[in-house]
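Construct all of the structure, not just a fragment, from the sequences and the given hints.
Protein chains: 2
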Amino acid sequence: MTKDEVAREMRELQDFICAELEKLDGAATFVEDKWERAEGGGGRTRIIESDRLIEKGGVNYSEVSGDVTPMMLGNTEIDGDSFYATGVSIVLHPNNPHVPIIHMNVRYFEMDNGTYWFGGGIDLTPHYIVPAQATHFHHSLKAICDAFNASFYLKFKTWADDYFYIPHRNETRGIGGIFFDHLSANQAISKENLLDFCMELGRSFPEIYASQAQIGRDKPFTEEESNWMNLRRGRYVEFNLVNDRGTKFGLVSGGRTESILMSLPKNASWAYNNQPEQGSKASETQKLLVKNIDWIKGG
Amino acid sequence: MTKDEVAREMRELQDFICAELEKLDGAATFVEDKWERAEGGGGRTRIIESDRLIEKGGVNYSEVSGDVTPMMLGNTEIDGDSFYATGVSIVLHPNNPHVPIIHMNVRYFEMDNGTYWFGGGIDLTPHYIVPAQATHFHHSLKAICDAFNASFYLKFKTWADDYFYIPHRNETRGIGGIFFDHLSANQAISKENLLDFCMELGRSFPEIYASQAQIGRDKPFTEEESNWMNLRRGRYVEFNLVNDRGTKFGLVSGGRTESILMSLPKNASWAYNNQPEQGSKASETQKLLVKNIDWIKGG
Numbered sequence: 001m002t003k004d005e006v007a008r009e010m011r012e013l014q015d016f017i018c019a020e021l022e023k024l025d026g027a028a029t030f031v032e033d034k035w036e037r038a039e040g041g042g043g044r045t046r047i048i049e050s051d052r053l054i055e056k057g058g059v060n061y062s063e064v065s066g067d068v069t070p071m072m073l074g075n076t077e078i079d080g081d082s083f084y085a086t087g088v089s090i091v092l093h094p095n096n097p098h099v100p101i102i103h104m105n106v107r108y109f110e111m112d113n114g115t116y117w118f119g120g121g122i123d124l125t126p127h128y129i130v131p132a133q134a135t136h137f138h139h140s141l142k143a144i145c146d147a148f149n150a151s152f153y154l155k156f157k158t159w160a161d162d163y164f165y166i167p168h169r170n171e172t173r174g175i176g177g178i179f180f181d182h183l184s185a186n187q188a189i190s191k192e193n194l195l196d197f198c199m200e201l202g203r204s205f206p207e208i209y210a211s212q213a214q215i216g217r218d219k220p221f222t223e224e225e226s227n228w229m230n231l232r233r234g235r236y237v238e239f240n241l242v243n244d245r246g247t248k249f250g251l252v253s254g255g256r257t258e259s260i261l262m263s264l265p266k267n268a269s270w271a272y273n274n275q276p277e278q279g280s281k282a283s284e285t286q287k288l289l290v291k292n293i294d295w296i297k298g299g
Numbered sequence: 001m002t003k004d005e006v007a008r009e010m011r012e013l014q015d016f017i018c019a020e021l022e023k024l025d026g027a028a029t030f031v032e033d034k035w036e037r038a039e040g041g042g043g044r045t046r047i048i049e050s051d052r053l054i055e056k057g058g059v060n061y062s063e064v065s066g067d068v069t070p071m072m073l074g075n076t077e078i079d080g081d082s083f084y085a086t087g088v089s090i091v092l093h094p095n096n097p098h099v100p101i102i103h104m105n106v107r108y109f110e111m112d113n114g115t116y117w118f119g120g121g122i123d124l125t126p127h128y129i130v131p132a133q134a135t136h137f138h139h140s141l142k143a144i145c146d147a148f149n150a151s152f153y154l155k156f157k158t159w160a161d162d163y164f165y166i167p168h169r170n171e172t173r174g175i176g177g178i179f180f181d182h183l184s185a186n187q188a189i190s191k192e193n194l195l196d197f198c199m200e201l202g203r204s205f206p207e208i209y210a211s212q213a214q215i216g217r218d219k220p221f222t223e224e225e226s227n228w229m230n231l232r233r234g235r236y237v238e239f240n241l242v243n244d245r246g247t248k249f250g251l252v253s254g255g256r257t258e259s260i261l262m263s264l265p266k267n268a269s270w271a272y273n274n275q276p277e278q279g280s281k282a283s284e285t286q287k288l289l290v291k292n293i294d295w296i297k298g299g
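Taken in sequence, the protein lines are chains A and B.
Take 1 as the starting number for the first sequence in the numbering used here and just add one per residue.
Take 1 as the starting number for the second sequence in the numbering used here and just add one per residue.
Simulated from the structure, these hints should not be mistaken for laboratory data.
Errors might be hidden in some of the hints.
Stated by the list, open to error - In silico DSSO-like links for lysine-lysine, alpha-carbon gap of 27 Å or less: (1) K266(B) to K287(A); (2) K23(A) to K219(A); (3) K266(A) to K34(B); (4) K287(B) to K34(A); (5) K191(A) to K155(A); (6) K287(B) to K287(A); (7) K266(A) to K142(B); (8) K219(B) to K281(B); (9) K287(B) to K142(B); (10) K34(B) to K266(B); (11) K266(A) to K281(B); (12) K266(A) to K297(B); (13) K248(B) to K291(A); (14) K291(A) to K155(A).
Written out as structure tokens, the structure is:
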């Protein structure tokens, strides 16, 4: 399997997801920006802004290559002189606080020395955590994982708990999901099956998001709930700008800033030392922003 | 001069600045949070939230000490086993887009091996740059610098241009100011004079801010101007979370998150690939977000 074949599958995945999300939103369509990178490669950034379901969202495809710079080496575990990377990444911020923020990413790296790996992940950031919905989310991910390897779900779920974590807040970004990186073929799984795993995750994305969005999208919400959503978005911004290795890699490797930072919400807010009222829905959510919850068992 | 004497001066500076800013705001007062740090030291975080001049601002005093950790070493040029640091740091976000965001910080470091240094800076982030006001700001800073050392202003102004810069946006945070670090006594200046320099900068702060705030604070503003302010605040958030070494040092050294992130605005926003209209005030401002403008000569 060549890198061009992987890239073609990534582009088709982007097309599929955008078409499905437009149907789901029901009002807005994606606007595409094609861009090229001086050092090699380029991408198709697609942005949706809707007053129905998705207030601000992006589904990015990119295929970039170039020399490995010292700044990259400081930020990743890359070994080699030049790299190739292709992938699809998604972040959707809804209008309604009863709909979660969702993120997904699948990617393929190849170095000039012939090594390659797949990476990716999906995680959910509900503004208000509803345990049954979190369980449903994790069941969907476990089913996808189990079809490829019996050890994937637990390993990648734990990895997500560690990755989508904000140390300076001592809280997780949301209810986690799965995260994986540096996956290459071994006795248990072939390169083709790794690509299939990434594609299966990607093709499942619209349905996974639909099942999370449909419950809350038409629910009325108060100003207090909207304010809480903006505070949670503030934390999302903190994670992405302070902790997310993907964002940092993108920014230091000369990635296209507007495509990388499409992950940021339209609005976010900060309040000094905000402590939600004891017993409030916000306070219940905050208690669940911890690692190692077994959502399959029901939290 | 002992570190306790420096710390006392820093506390008095905080008291003075808070009292002056309350007079200037004319409506709100600071709320104080005293905090202690398990590893040693603590601080007095003071927050103001007003519907008059300052929508959200903080004037922090802290005095912390502890072991130098490997994470700190990766982020700074610290040499030694344990450190002591005391200082005052300020960020003020106004309600009115015609008033700039302002930041100031003065700090003192001492290592167990006896080395010490002063650092600090002040910079201005107008939502709309008014060249005459930028020139006035830089004249004030030059006067303070010139009273201590003829080479300070140019050196520290250039340092600020480099420090308050957002590489991934290829723009400065605002119109700069002065930045200095690792200042210790030499033939040209004594330790006492370095402390005096920091204190003179700090004591000048309320007047410097007042002269910047008075012109715009009662100016009517449109929704468009308010939206532009929020987009500029988004960039301020990006600088603080991605680029600011002080913020990063604080977060990785186990600093108090709420005190460090008091620098973030109440609200910020992001829009994909926002390009202000040619010839608009926003577009004129964006053109001035570059290094090496000689504001003393008038920009």
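Practice item. Compare the distance between the alpha carbons of K266(B) and K287(A) with 27 Å, and conclude whether the hinted pair is satisfied. Key: holds (24 Å)
Checking one constraint from the list: CA of K34(B) to CA of K266(B), max 27 Å. Satisfied? OK: K34(B) and K266(B) at ~22 Å, within 27 Å.
Item to check | Satisfaction of hint between K281(B) and K219(B), Cα-Cα up to 27 Å | outcome: holds (15 Å)
query = Going straight from one Cα to the other, do K266(A) and K281(B) come out at no more than 27 Å?
reply = holds (22 Å)
Q. Quick one, are K248(B) and K291(A) close enough, alpha carbons at most 27 Å?
A. Within the cut-off at roughly 24 Å; holds.
Given the hinted pair K287(B) and K142(B), is their Cα-Cα distance within 27 Å? Within the cut-off at roughly 24 Å; holds.
* Holds or violated: are the alpha carbons of K266(A) and K34(B) at most 27 Å from each other? -> With a Cα-Cα distance of about 34 Å, the restraint between K266(A) and K34(B) is violated, given a limit of 27 Å.
Practice item. Sort out whether K219(A) lies within 27 Å of K23(A), counting only the CA atoms. Key: Distance ~19 Å between K23(A) and K219(A) Cα, so the pair holds.
Within 27 Å, alpha carbon to alpha carbon, are K287(B) and K34(A)?
At roughly 25 Å apart (the allowed maximum being 27 Å), K34(A) and K287(B) satisfy the hint.
- Query: Is the hinted pair K191(A) and K155(A) satisfied, with a Cα-Cα distance of at most 27 Å?
  - Reply: holds (19 Å)
*Is the straight-line distance between the alpha-carbon of K287(B) and that of K287(A) 27 Å or less?*
Cα-Cα ~46 Å, so violated.
Checklist entry - Does K266(A) pair with K142(B) here, judged by a C-alpha cut-off of 27 Å? => result violated (39 Å)
The structure is inconsistent with the numbered hints 3, 6, 7, 12, although it conforms to all the rest.
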